[in-house]
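Enquirer: So the protein lines, in turn, are chains U and A. 1 is the number of the first residue of the first sequence in our numbering; add one for each residue after it. 197 is the number of the first residue of the second sequence in our numbering; add one for each residue after it.
FYI, nobody ran anything at the bench for these hints, they're computed from the structure. Quick caveat, the model's predicted, so the values are computed rather than measured. Yeah, the Cβ is synthetic: ideal placement off N, Cα and C, and Gly gets one too. Where hints are given, some of them may not hold.
What the hints assert, rightly or not - Here are some of the chain U residues that sit facing chain A, going by a computed Cβ distance under 8 Å:
#1 Arg59
#2 Val63
#3 Ser79
To be verified - Just the calculated beta-carbon pair ranges, DEER-fashion:
#4 A:Ser504 / U:Gln166: 30 to 36 Å
#5 A:Glu543 / U:Met131: 30 to 36 Å
#6 A:Asp260 / U:Tyr142: 52 to 58 Å
#7 U:Asp100 / A:Leu440: 40 to 46 Å
#8 A:Pro362 / U:Asp100: 28 to 34 Å
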Amino acid sequence: MTQLRPDQKIIAAHVADGARVLDIGCGSGVLMQELAEARSADVLGMEINPAKVAAAMARGLSVAQGDALKDLVHYPDQSFDYVILSQTLQAVKRPDLVLDELVRIGRQAFVSFPNFAHWRVRLSLLVGGRMPVTRLIPEQWYDTPNIHHVTVDDFRALIRDKGLQQDGQWFLSGDTQTGRGAANLMAEHAVFLLRR
Amino acid sequence: MGTMQNADRHSQSVKLDSPLSLDCGKQLEGVEIAYASHGALNADKSNAILICHALTGDQYVASDHPVTGKPGWWTRMVGPGKPIDTDRYHVICANVLGSCMGSTGPASICPVTGKPYAMDFPVITIADMVRAQAMLLDHLGIDRLHAVVGGSMGGMQVLSWVAQYPARVSAAAVIASTSRHSAQNIAFHEVGRQAIMADPNWQGGEYYDDGGAAPSAGLAVARMAAHITYLSEAGLTEKFGRRLQDRDAKTFGFDADFQIESYLRHQGINFVERFDANSYLYITRAMDYFDLSEAHGGLLAQAFAGTSTRFCLISFNTDWLYPTAESRTILQALHAAGADASFVELESPFGHDAFLLENAEMEAIMRGFLNGGRVV
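My request is simple: use the sequences and hints to build the entire structure.
Expert: Shown next as structure tokens:
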């Protein structure tokens, strides 16, 4: 059984017991299984890769093959307690439109992403002059699924523009939490809990 | 086995106590439903799974067919230790109303006239088939099904089950199916029906008497046309291409020069041995009339309003009879209704027929889905 990623651990720790949850970009359902077992959550998943959908379904999880940008529109308003978009925002074609859907469908939305303004990423571009390849951003520029690299400050600006409420924010350096002070520079990874 | 009822009955028949009310407004008296069952029913009758068969299928889902001698049509899926595990579940498969393997259909004797119904048999619907199945379950004392599972027309019955008897279905698996018959679907069926009715032996459906010949040529053509829709173009090319059948050159005649011609003729000839032409007319009509949203104000989601059933939808990428878009339409309605629904499009070169063939992913998904029900 694959381990939870650090951002998934933070999300799992902050989901209320018995909640109704939609995990978008759920992969083969590692976080879904954790939420179902540890939080008695009623969890549905959405995943674009059919092989991962099949693997999750074979484990008895409820996962629908779909594309966040096209298929979230079919869910009713506020039909989930939480909607989770973990490490997927930077890979969708229009992150801003997906964010609108998240806070429409969910009473609250967890969004996590790798921070492109982390000092190691900045240094890599500054010194090496090449697109950064790091632990959290391991692909080359030509084969990366991350088509919209985003920084903590970029994301803060977007949620401010959209007038969204922040119910929580967590930052990770390595696998441990770090302060929010210099997050844009020091955090490798960010998790936000939002509401409309 | 104590209180467990035993077990594998390859075919038996029940005569329904009360008349069956049909969508056309008529009542059908003395309906018989033939069914097979596999695996033991547990003491509280909570482990029953109903399998719904396709157009030309029957109750022989996991046991040898009495006419052809071939193994059941879904032995990869149903049996001890299989994804639909008869060591765990009591599996029931009933021959649909209107068919010809023991359930009442146009070839059955009408209790009023003492003669076969033929075209006096009322036009039936998918919902009527499901009503008859529900009456069978009433007779068996099974109130709630652990799951209803079906591919193709079987999937239409599964959807109807949930819409008609929402409290009786815990889980519903709909494979390679649709919520309504499209113009193209109806068109292919009409070709088949016209082939049967153009056969001089059909005689307005009255071919059962005095040892007369059945409209086998027409039924075979209907089967050949339909069979093409069950396969993919790529699959046909791979299996047959333009290869010739047992000859080195074209004959400049109308023999089955090509392997594909020989194959289709073979499919047609085999089919007429086991199927009644009038049943083919009636069941294809039932499929053409199927549009689940129609009875719900045109809103498919309304058919599933308030459902607590878990759903599993599977489509195949080369199925052009009921393409993936049809499953997506069902999925969107289920999401709009707030239902717990899974969906995946699996890859297969085999077109619509893929649901009947070996597919490790489908088998793993079915096992996970049936065993994954949360304990309430």
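Enquirer: Look at each hint and say if it fits the structure.
Expert: Evaluation of the provided hints:
1. Arg59: At about 5 Å, which falls below the 8 Å cut-off, the nearest Cβ of chain A leaves the hint on Arg59 of chain U intact, so it holds.
2. Val63: holds, 5 Å
3. Ser79: It holds, given that the least Cβ distance between Ser79 of chain U and chain A is near 6 Å, below 8 Å.
4. A:Ser504 / U:Gln166: 30 to 36 Å: With a Cβ separation near 35 Å, Ser504 of chain A and Gln166 of chain U satisfy 30 to 36 Å, so the hint holds.
5. A:Glu543 / U:Met131: 30 to 36 Å: holds, 33 Å
6. A:Asp260 / U:Tyr142: 52 to 58 Å: Because 56 Å falls inside the window, the suggested range holds.
7. U:Asp100 / A:Leu440: 40 to 46 Å: violated, 60 Å
8. A:Pro362 / U:Asp100: 28 to 34 Å: holds, 33 Å
When the structure is compared with the earlier hints, a violation turns up for hint 7 alone.
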